[in-house]
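J.: One letter stands for each residue in the lines below.
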Amino acid sequence: MELFVKKRKLGSVKKFLYILPFMVLLGVFAYYPLYGWIYAFYDYTPPIPLAKSQFVGLMWFHSMFENQTKINQILQVLKNTFAMSGLSILFSWLPMIFAIFLNEIKSIRYRKFVQTVTTLPNFVSWVLVYSLAYGLFSSQGMFNSLLQQLGLSSSPIMFLQSSHHVYLSMWLWLTWKSLGWAAIMYIAAITGIDGSLYEAAQVDGATRMQVIRHITIPSLLPTYFVLLMLGIASFLNNGMEQYFVFQNAFNKNTIQVLDLYGYNLAMGGGSYSIATAISMLKSLVSIILLFSVNGLSKLVRGESIV
Amino acid sequence: MSMHVVSSKKKKKMKSDINDKLISVLNYIIFGVFTLICIYPFYYILINTISANDLSAHGDIIFMPKGIHFQNYLDVVKIPGLWDAAKISIGRTVIGTFLTVGASAFLGFMFAQQDMWLRKFWYRYTIITMYFSAGIIPWYLTMRNMNLTNNFLAYILPTVVSPFFIILVKTFIESVPRELQEAAEIDGAGIITFFIKVLLPIIKPILATVAIFAAVSQWNSFQDTLLLVTDSKLYSLQFILFQYVNQASSLSSMINLQNSGSTALQTITKMQTPTSIRMTVTIVVVAPIMLIYPFFQRFFVDGIMIGAVKG
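So the sequence lines, in the order shown, correspond to chains E and C.
Residues in the first sequence are numbered consecutively from 250, following this note's numbering.
Residues in the second sequence are numbered consecutively from 226, following this note's numbering.
Some hints could be false.
[Unchecked claim] List time: in silico DSS-like cross-link candidates among lysine-lysine, alpha-carbon distance up to 27 angstroms: (1) E:K328 <-> E:K531; (2) E:K547 <-> C:K495; (3) E:K319 <-> E:K501; (4) E:K319 <-> E:K531; (5) E:K255 <-> C:K303; (6) E:K256 <-> C:K246; (7) C:K429 <-> C:K303; (8) E:K263 <-> C:K495; (9) C:K246 <-> E:K258; (10) C:K422 <-> E:K256; (11) E:K258 <-> C:K429; (12) C:K345 <-> E:K361; (13) C:K429 <-> E:K361; (14) E:K264 <-> C:K429; (15) E:K263 <-> C:K345; (16) E:K264 <-> C:K345.
[What the hints assert, rightly or not] Just a few of them, taken from the derived set where beta-carbon distance is under 8 angstroms, the chain C residues facing chain E: (17) N252; (18) F256; (19) T354; (20) N372; (21) V509; (22) V510.
Calculated from the structure, these hints are not laboratory results.
We treat Cβ as the ideally placed atom computed from N, Cα and C, and that holds for glycine.
Looking at chain C on its own, in the form it has when it is part of the complex:
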């Protein structure tokens, strides 16, 4: 009797083991497929940029690069406006990130000061802007009223005070012992001295997180150029990438003309095609993100978890 019970239990256990195995294998496969879908589009563009341009133009490069060459990356600098746009994108990313991180650090610190005049009110005044906006067109009209169209400042000033980053920093600072500031005050250090000399080094980890988020959003920003900028000197890389995707054919013939005039005639495998131009610019635009991605990936979880804690 007891033997029987044991064996049926064993059978049940075995069955669930097989089920577990099956689920495991399926699980590995499904995640593998989704991961492949996430990475393949980038891989596809990359192998096309280094393959023979006549093949890539016909969509012949699908799994492996063929006829590898790097002429496209040499020619890409000849695209008019690309270097200017790169300077704009780099400029707004560096300056914008610097200002946003500085302001977020300072405001996160100040909002943690219990004795600030009307602290609660000003904190709400700041945070509530996360949840409403006037809308794209009213925003555009008022920005234009302030002469912020065709103006580099329009890339930078609107994001200096970012409520989400302020919440991140404030939450982090609240975990720093308050006695630290009291001790510094007794030693005669002013609030600004304390902030710069003592607090900033302590909150470096969260500032790194903020810097990464801010830099990525500056680099990826497209809508502000679309709405506010008509002067091609102020175009960002994202904006001209969008233009190139829609009108790469005229550019390719122009570069081919340049090349045939200056150097030896290009072979067909290295002639610029709309496809090669479009894809090469795509890689140029995504490269900075790809390059820093492995380093900033570890900051995500910290950042998003602190952000999940209500402000």
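Excised from the complex, chain E in its bound form:
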């Protein structure tokens, strides 16, 4: 009997040993970078190694706010980050509406066609999106050429090299790229709605808009809620790829979100330590946000989201 228990225990450890190499790999690439936070507490300038760098404590954290220029800089970056993420959250209902109205289209072939084409942009990279944008909006691109042919403008408009409407254009590109894909989740959820609800509504003589308002939308709200919470949790993590490729000397001030700002400081200016300090603060705030929305979700729906 004892032998049997021992053997089972051995088997369970053996199973763990199979996954051990993968856990090590994950440790190296997901957990070890946290050790990189240590650079935020040193005066690190390559090529001098960390071991020979001076420990400076919280100096870099203080230096972010040490004078008005730096405070303004940080505030501008935060404003950009909040504006980009804020616009996304403000319009986070768009994919749901997209799915609902796509579902109203009777012709299955048209529906499939729309779905196929609108999902495609999600699968191309931001570099490619930038190249498409360049083709359409550069000084000799399609838009300027069209405007000139129609006699609407004499000199080319610099759409991409402009500091105006950066938030809006970035949001539009993001929407262009991701709307169709984001709608798929809702399209699938709509097919899961109990058909008898619709039949009952039809018997009661409800119009299509009434059906949407009283059946479809309430059925989709739980999905929407989860996605909204996840969106809020990643409020600071808008990534840098999109903003990096669209960045230029003209729009730099309004396009720099936190990640891009950190990248520019480190790779452009060699200020690795302060960039690490920013990364670190950002990660900590993100984790707090995640726990908060998770707690909120537990409170409201009695279910956690992560």
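For this one, chain E is given, so just place chain C on it according to the hints.
T.: Below, chain C without anything else, positioned relative to chain E:
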């Protein structure tokens, strides 16, 4: 009296019918316009690459190609570094996808083993990495400490263990009857034998989904090259596309010089311009996605729905 009621009801019904029609038509139009906006940029670049290069350089090609020729696609191989970059991109996509799919399948299977030592803990340890990251710069600094800059392994190793794919596979495996494994164990098959001989063929559909997601993300990956690679031999296609968009003019004059030296003088319609180079490379980079897209499109809904089920 009753007649009156009926007719007013009819009127109401007719009105709502007209409303319905109007909404329908509007709906078709709005979706049609958005679909057009989604596809037109690709179409625009494509027709420009096969049109006369002097016209495309001035932005004259907007709706239909003019002066069709395919010289650009013959010249594109002369761009220095493009073929090397293609090899890197293909290499990382093939190797990276293979390893990611293998690891996701195996880990999804192992995490479904109820009796694994500290299973819950290790599963959480894996999944939680989806929700936090140290940040771009700390990540870069530690990767550099491990000598993973200018190293092909940096393209592949970080994505081998991907929590999202593991969730997809694990959820799928949990729908496979457990008796299958018990029966195999009674027959004396070890856990690895069972995994390879019995389970892998069963979970093929979900592995196809994972493979597609992994391949697309490998092919599209740009940030890792940007951060970790300075050696031009390791540049990926995405990276050099970005360079070309920003500096295509010097390349075009170089190719024109090559062409004028070796073959007959190029006519102006086939001379390389910054625009033609940029657009042709764009098509080369997007072509693989476009070509496999119609085949993998059907896997999306399955994948995203399983992913929606909490891990």
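J.: Evaluate each hint against the coordinates.
T.: Now the hints, each set against the structure:
1. E:K328 <-> E:K531: This hinted pair holds, its Cα atoms lying about 14 angstroms apart.
2. E:K547 <-> C:K495: violated (64 angstroms)
3. E:K319 <-> E:K501: holds (16 angstroms)
4. E:K319 <-> E:K531: Holds, at roughly 17 angstroms.
5. E:K255 <-> C:K303: violated (66 angstroms)
6. E:K256 <-> C:K246: Violated - the C-alpha atoms of K246 of chain C and K256 of chain E are around 71 angstroms apart, more than 27 angstroms.
7. C:K429 <-> C:K303: violated (40 angstroms)
8. E:K263 <-> C:K495: violated (65 angstroms)
9. C:K246 <-> E:K258: violated (68 angstroms)
10. C:K422 <-> E:K256: This hinted pair holds, its Cα atoms lying about 25 angstroms apart.
11. E:K258 <-> C:K429: Given pair K258 of chain E, K429 of chain C is violated - Cα atoms ~31 angstroms apart, limit 27 angstroms.
12. C:K345 <-> E:K361: violated (41 angstroms)
13. C:K429 <-> E:K361: Holds - the C-alpha atoms of K361 of chain E and K429 of chain C are around 25 angstroms apart, at most 27 angstroms.
14. E:K264 <-> C:K429: At roughly 23 angstroms apart (the allowed maximum being 27 angstroms), K429 of chain C and K264 of chain E satisfy the hint.
15. E:K263 <-> C:K345: Holds - the C-alpha atoms of K345 of chain C and K263 of chain E are around 16 angstroms apart, at most 27 angstroms.
16. E:K264 <-> C:K345: Holds - the C-alpha atoms of K345 of chain C and K264 of chain E are around 13 angstroms apart, at most 27 angstroms.
17. N252: At 5 angstroms from the nearest chain E Cβ, N252 of chain C passes the 8 angstroms test, so the hint holds.
18. F256: holds (5 angstroms)
19. T354: Status holds, d = 4 angstroms.
20. N372: With a minimum Cβ separation of about 12 angstroms from chain E (threshold 8 angstroms), the hint on N372 of chain C is violated.
21. V509: At 11 angstroms from the nearest chain E Cβ, V509 of chain C fails the 8 angstroms test, so the hint is violated.
22. V510: holds (6 angstroms)
The structure fails hints 2, 5, 6, 7, 8, 9, 11, 12, 20, 21 (numbered hints given earlier, in ascending order).
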